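Residues per chain, in single letters:
Protein chains: 2
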Amino acid sequence: MDLNETHDGGLRSWVPDANDAATDFPVQNLPFGIFRRRGSSESWRGGVAIGGQVLDLAAAAASCALPAARTGPAAAALACAGQPVLNDLMGLGAAPLGALRLILSRALRMGAPQQSALQACLVRQDDAEMALPARIGDYTDFYTSLHHATRVGKLMRPDNPLLPNYKWVPIGYHGRCSSIVVSGEGVRRPQGQRMPPGSEAPVVGPSERLDYELELGVFIGRGNELGSSIALDDAQAHVFGLCLLNDWSARDLQAWEYQPLGPFLGKNFATTISPWIVTSEALAPYRVPWTRPAGDPQPLPYLQSQQLRESGALDIELAVYIETQRMRAANVQPHRLSLSNFRDCYWSVAQMIAHHSVNGCNLRPGDLLGTGTQSGPAPAQAGSLLELSQGGRQPLTLPNGEQRRFLDDGDVIILRAACRREGYARLGFGEARGRIEPARWQADAG
Amino acid sequence: MDLNETHDGGLRSWVPDANDAATDFPVQNLPFGIFRRRGSSESWRGGVAIGGQVLDLAAAAASCALPAARTGPAAAALACAGQPVLNDLMGLGAAPLGALRLILSRALRMGAPQQSALQACLVRQDDAEMALPARIGDYTDFYTSLHHATRVGKLMRPDNPLLPNYKWVPIGYHGRCSSIVVSGEGVRRPQGQRMPPGSEAPVVGPSERLDYELELGVFIGRGNELGSSIALDDAQAHVFGLCLLNDWSARDLQAWEYQPLGPFLGKNFATTISPWIVTSEALAPYRVPWTRPAGDPQPLPYLQSQQLRESGALDIELAVYIETQRMRAANVQPHRLSLSNFRDCYWSVAQMIAHHSVNGCNLRPGDLLGTGTQSGPAPAQAGSLLELSQGGRQPLTLPNGEQRRFLDDGDVIILRAACRREGYARLGFGEARGRIEPARWQADAG
Numbered sequence: 001m002d003l004n005e006t007h008d009g010g011l012r013s014w015v016p017d018a019n020d021a022a023t024d025f026p027v028q029n030l031p032f033g034i035f036r037r038r039g040s041s042e043s044w045r046g047g048v049a050i051g052g053q054v055l056d057l058a059a060a061a062a063s064c065a066l067p068a069a070r071t072g073p074a075a076a077a078l079a080c081a082g083q084p085v086l087n088d089l090m091g092l093g094a095a096p097l098g099a100l101r102l103i104l105s106r107a108l109r110m111g112a113p114q115q116s117a118l119q120a121c122l123v124r125q126d127d128a129e130m131a132l133p134a135r136i137g138d139y140t141d142f143y144t145s146l147h148h149a150t151r152v153g154k155l156m157r158p159d160n161p162l163l164p165n166y167k168w169v170p171i172g173y174h175g176r177c178s179s180i181v182v183s184g185e186g187v188r189r190p191q192g193q194r195m196p197p198g199s200e201a202p203v204v205g206p207s208e209r210l211d212y213e214l215e216l217g218v219f220i221g222r223g224n225e226l227g228s229s230i231a232l233d234d235a236q237a238h239v240f241g242l243c244l245l246n247d248w249s250a251r252d253l254q255a256w257e258y259q260p261l262g263p264f265l266g267k268n269f270a271t272t273i274s275p276w277i278v279t280s281e282a283l284a285p286y287r288v289p290w291t292r293p294a295g296d297p298q299p300l301p302y303l304q305s306q307q308l309r310e311s312g313a314l315d316i317e318l319a320v321y322i323e324t325q326r327m328r329a330a331n332v333q334p335h336r337l338s339l340s341n342f343r344d345c346y347w348s349v350a351q352m353i354a355h356h357s358v359n360g361c362n363l364r365p366g367d368l369l370g371t372g373t374q375s376g377p378a379p380a381q382a383g384s385l386l387e388l389s390q391g392g393r394q395p396l397t398l399p400n401g402e403q404r405r406f407l408d409d410g411d412v413i414i415l416r417a418a419c420r421r422e423g424y425a426r427l428g429f430g431e432a433r434g435r436i437e438p439a440r441w442q443a444d445a446g
Numbered sequence: 001m002d003l004n005e006t007h008d009g010g011l012r013s014w015v016p017d018a019n020d021a022a023t024d025f026p027v028q029n030l031p032f033g034i035f036r037r038r039g040s041s042e043s044w045r046g047g048v049a050i051g052g053q054v055l056d057l058a059a060a061a062a063s064c065a066l067p068a069a070r071t072g073p074a075a076a077a078l079a080c081a082g083q084p085v086l087n088d089l090m091g092l093g094a095a096p097l098g099a100l101r102l103i104l105s106r107a108l109r110m111g112a113p114q115q116s117a118l119q120a121c122l123v124r125q126d127d128a129e130m131a132l133p134a135r136i137g138d139y140t141d142f143y144t145s146l147h148h149a150t151r152v153g154k155l156m157r158p159d160n161p162l163l164p165n166y167k168w169v170p171i172g173y174h175g176r177c178s179s180i181v182v183s184g185e186g187v188r189r190p191q192g193q194r195m196p197p198g199s200e201a202p203v204v205g206p207s208e209r210l211d212y213e214l215e216l217g218v219f220i221g222r223g224n225e226l227g228s229s230i231a232l233d234d235a236q237a238h239v240f241g242l243c244l245l246n247d248w249s250a251r252d253l254q255a256w257e258y259q260p261l262g263p264f265l266g267k268n269f270a271t272t273i274s275p276w277i278v279t280s281e282a283l284a285p286y287r288v289p290w291t292r293p294a295g296d297p298q299p300l301p302y303l304q305s306q307q308l309r310e311s312g313a314l315d316i317e318l319a320v321y322i323e324t325q326r327m328r329a330a331n332v333q334p335h336r337l338s339l340s341n342f343r344d345c346y347w348s349v350a351q352m353i354a355h356h357s358v359n360g361c362n363l364r365p366g367d368l369l370g371t372g373t374q375s376g377p378a379p380a381q382a383g384s385l386l387e388l389s390q391g392g393r394q395p396l397t398l399p400n401g402e403q404r405r406f407l408d409d410g411d412v413i414i415l416r417a418a419c420r421r422e423g424y425a426r427l428g429f430g431e432a433r434g435r436i437e438p439a440r441w442q443a444d445a446g
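Residue numbers (the numbering used here), protein chains in the order written: chain P, 1 to 446; chain S, 1 to 446.
Hints are supplied without guarantee of correctness; some may be wrong.
Said to hold, decoys possible - Straight-line Cα separation of at most 20 Å, EDC-like style, residue types lysine to aspartate or glutamate; simulated pairs:
1. P:K167 / S:D344
2. P:K167 / P:D296
3. S:K167 / P:E200
4. S:K167 / S:E323
5. S:K167 / S:D296
Honestly, the hints are just simulated from the structure, not real lab data. Everything numeric in this text was worked out from a predicted model, so none of it was measured.
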């Protein structure tokens, strides 16, 4: 995707805090989400984050504050953006979305004549509640970090950490749509079967090894027909945008159940995503070359191209923070557990999509792909407690002296991400936040 | 579920062919589906199969031909039944559905005063096209046949066919919703990676080991809230009904990809279901005791109960037929490949549901569960070619001399099912039919 005037690092907005160095949402970002005023019974509708505000796209359409979007490809995009889910907007493809982005960028810039009309369409983010941005038809989770796969593999198979298919196949599996929740919703500790070491029979009860996984989510834009495939170099055009994704995992349930058909109850009790989707177009300046470690096999032809090698990866810094009950009580800031970067992934977003559809599987607008846990090469860059605590053997000590092997009730996990490039704006992703609630234990389930 | 007058084996209908011994749809069945006149641009709407006809429920509601359904719980059910998907109907729960069933049963019986008014609401099944009965939010596939799991396990791990969790955990995994199609739609042979035996690197191309799997599908009725569980003895009330399900499988793709996260491209290219859902209530007379083989461990408390032991299994005879291109050209009837019975499953429908939700995972109306391949104890009762051909080592010879290890292009696979009990009607499930279309091979995908 080419860079254009909307990516100009020098742009400033008339929305005052959109120009703060610390904002996630400068005028170069313009991520989409679904919102309404908190506590109201208003209709859910699309909005764009700008500084600490939401630009209400349904209101903007109704008030004709964006005359440039009254006709042409942007008109369809603006109409779809006011709906209670963004699936139709996502399905429009790149041209209408780009036209709307350009109009929004111009209207939100310092000195724009639309300022007074648009001011009435702003809602403070603090006054808004957010919903899932789309009706997610299918959710697929991948496993694209070699560092994560190797470290987790070592815990389970010390002599054979990486399975032979890993460097050939972008491994993925289908996850649960019904339990995907938006940042801020509580996450109840799941209960289920686990096999205690040395036991003869499993026991049932609340998970004792509850974990997070630091991932990005990829929302599909335009889909493909059942029986057709998306070629690698077309894949980018099928991506609407990216968000943060926490693939909560109950390691004890997962370890006992996952053979031979993969994770199920260890994962499907909750997945938290951030409410704002940073669009493919906004991410264009942060594309970087995709490379393979020397000596590794080159991917099969359907998974490689010149375009991939030149700009197939994304430079997105990813961080996980924890806030325990004691930290909250003491008013201590959340503690950063790890920092990694999506450019270290082994398989790119385009490879995920080309692989997913090579067999004719159809993707639909609003489908969600998870990237899998993004762990960096250094042990401290691991995107899960399973790795950081070496399978629970080595507890982490937090700055206030508390220890964690896995998550306690009351712990809050916060995922954050940002793109930075010299000469360009810093784009943030907001956050994906979830707090562990105690298990609802049923006496008769034991 | 108690038996009532709708189950009376002596009932006869004024729809003439509904009384034929061979019909799948006597007046005791009354399965729901979504239809419209073939080739028309009519709205999709709910119907009930009766003999060779569809009773158009939208037309029945509009014509007031069912005065008993104008008020009370049946009114809501009839209104929902006219919608283009049955999700709302499914979510109503047992009482409104039971009320509508009783009204339909009485109105369709020989001598019913509604006959002349309802006659105008009948559409011949031959003149109807069918759609998916629901917007399927999540599709979960289980693995409930011990005979299937053992036979498949032997092919992969001769010394250790059954994994240690099998007799404790109703193993399941999430499947793909977007590629679920209704009976009659073509199934394109998928392409993808496979690792030829003895090779150093995988190859990409059309699957050479394409297979079917004989399953039942379970449509969820009333759902549960995220974070709550469905107790075993409540599970039956969350089942709307059952259909046939063919979980098409590319064994070569699956074998190479499935470690460690389970099946993905080997399965998600297509799943075929039959269009008619036989309701929980219609199936009541065919419930039979659920038992465990002597010496096997008893399930954990959340997976067993007195009710399960008394009536937790269902006596449903299941059959797979093949019709090759040569058979079609010669006008030969489809050949039966296997015959098995759902009463031989190791885990029941109620156990699938109680397990699926024990961790708080929420099920929603219209969700689909697959039972996994239903193979009986005898080798000839196997519900997949993988088993029947012993992993492709032993080709099957069809009556016309053709041989099959796996499916050829042009092969049609037909699943059928029926319930029988002395003194009760024979209920059929219609069929789930799919024809293998040649791979759409892309030169650049190799």
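Subject >> Violations among the numbered hints, reported as their numbers in ascending order >> reply: 1 and 4
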